[in-house]
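Undergrad: Letter by letter, the chains look like this.
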Amino acid sequence: MTHFLLLLLFAFFVSLVFAVLMRDEPREQLRTGGLFFGAFVGAALAIGWLMYPLPL
Amino acid sequence: MNGRATTAEKSRPRERGSVALLAVAGWAVPGAAHLWLGRRQKGLVFIVALPLMFAIGLLLQGRLFPFEPSQPLVALAAIADVGLGVPYLVAKAFGLGAGRVTASVYEYGNAFLIVAGLLNFLVVLDAYDIAVGRK
Numbered sequence: 238m239t240h241f242l243l244l245l246l247f248a249f250f251v252s253l254v255f256a257v258l259m260r261d262e263p264r265e266q267l268r269t270g271g272l273f274f275g276a277f278v279g280a281a282l283a284i285g286w287l288m289y290p291l292p293l
Numbered sequence: 010m011n012g013r014a015t016t017a018e019k020s021r022p023r024e025r026g027s028v029a030l031l032a033v034a035g036w037a038v039p040g041a042a043h044l045w046l047g048r049r050q051k052g053l054v055f056i057v058a059l060p061l062m063f064a065i066g067l068l069l070q071g072r073l074f075p076f077e078p079s080q081p082l083v084a085l086a087a088i089a090d091v092g093l094g095v096p097y098l099v100a101k102a103f104g105l106g107a108g109r110v111t112a113s114v115y116e117y118g119n120a121f122l123i124v125a126g127l128l129n130f131l132v133v134l135d136a137y138d139i140a141v142g143r144k
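Each protein sequence line maps, in turn, to chains A and B. Each residue of the first sequence is one higher than the last, beginning at 238 in my numbering. Each residue of the second sequence is one higher than the last, beginning at 10 in my numbering.
For reference, chain A alone in the conformation it holds in the complex (with noise of 0.2 Å):
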């Protein structure tokens, strides 16, 4: 299993966790599950890319 497999599993999990917490209607629910797990995701993508540089 791939680590970024992994994060996408671990963002779309906590991300059905919020909207569902957040939100009452299911299509509400979806709306903001959907852009939880799109920040989530974008903002890995853009933190890993900023840190690719770094001599780790």
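Calculated directly from the structure, the hints in this document are not laboratory data. This one's a predicted model, so the numbers in the text were calculated from it and none came from an experiment. Errors might be hidden in some of the hints.
Residues from chain A that keep clear of chain B, each with C-beta distances beyond 10 Å, as calculated [what the hints assert, rightly or not]:
id	residue
1	Thr269
2	Gly279
3	Leu287
4	Pro290
A partial selection of chain B residues facing chain A, derived with a Cβ cut-off under 7 Å [as the list claims (entries may be wrong)]:
id	residue
5	Lys51
6	Val54
7	Ala58
8	Met62
Quick look at which bits of chain B chain A covers, simulated, 3 or more residues with Cβ under 8 Å [claimed, not checked]:
id	segment
9	117–124
10	130–143
Cβ coordinates follow ideal geometry from the N, Cα and C atoms, glycine included.
Since chain A is already given, all that's left is putting chain B on it; use the hints.
TA: Below, chain B without anything else, positioned relative to chain A:
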């Protein structure tokens, strides 16, 4: 009785004792408090998603941290792990969650275990808010 709570039943504040019992049930079985309050859809999502996250964490060779006050971060991780209730107790009883620090996905496993427990604490707080009529 058709098993579905009406809006009035859902928003009615409950007695202190029953709220405490509800919180304990919600901690022990993720989603149980929401099911008890008639929030079936939310309860079902939590009862599936949180134990599944926990199981994935164990499969990824994450560690169920011990309570070590001399190491504050380890102790905090242990408190987070306990947040999942019965699945945590079952895993401990079967000796799971020893963790293998050399596994390439060890830190992912820890993240899944810790976050599953923390999310369940949030779920319990949400159920509490519903039970006392704040939501």
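Undergrad: Does each hint fit the structure? Answer for all of them.
TA: Here's how the hints hold up against the structure:
no.	hint	result
1	Thr269	holds (13 Å)
2	Gly279	holds (18 Å)
3	Leu287	holds (20 Å)
4	Pro290	holds (22 Å)
5	Lys51	holds (5 Å)
6	Val54	holds (5 Å)
7	Ala58	holds (6 Å)
8	Met62	holds (5 Å)
9	117–124	holds (count 4)
10	130–143	holds (count 3)
Of the hints listed earlier, there is not a single one the structure fails to meet.
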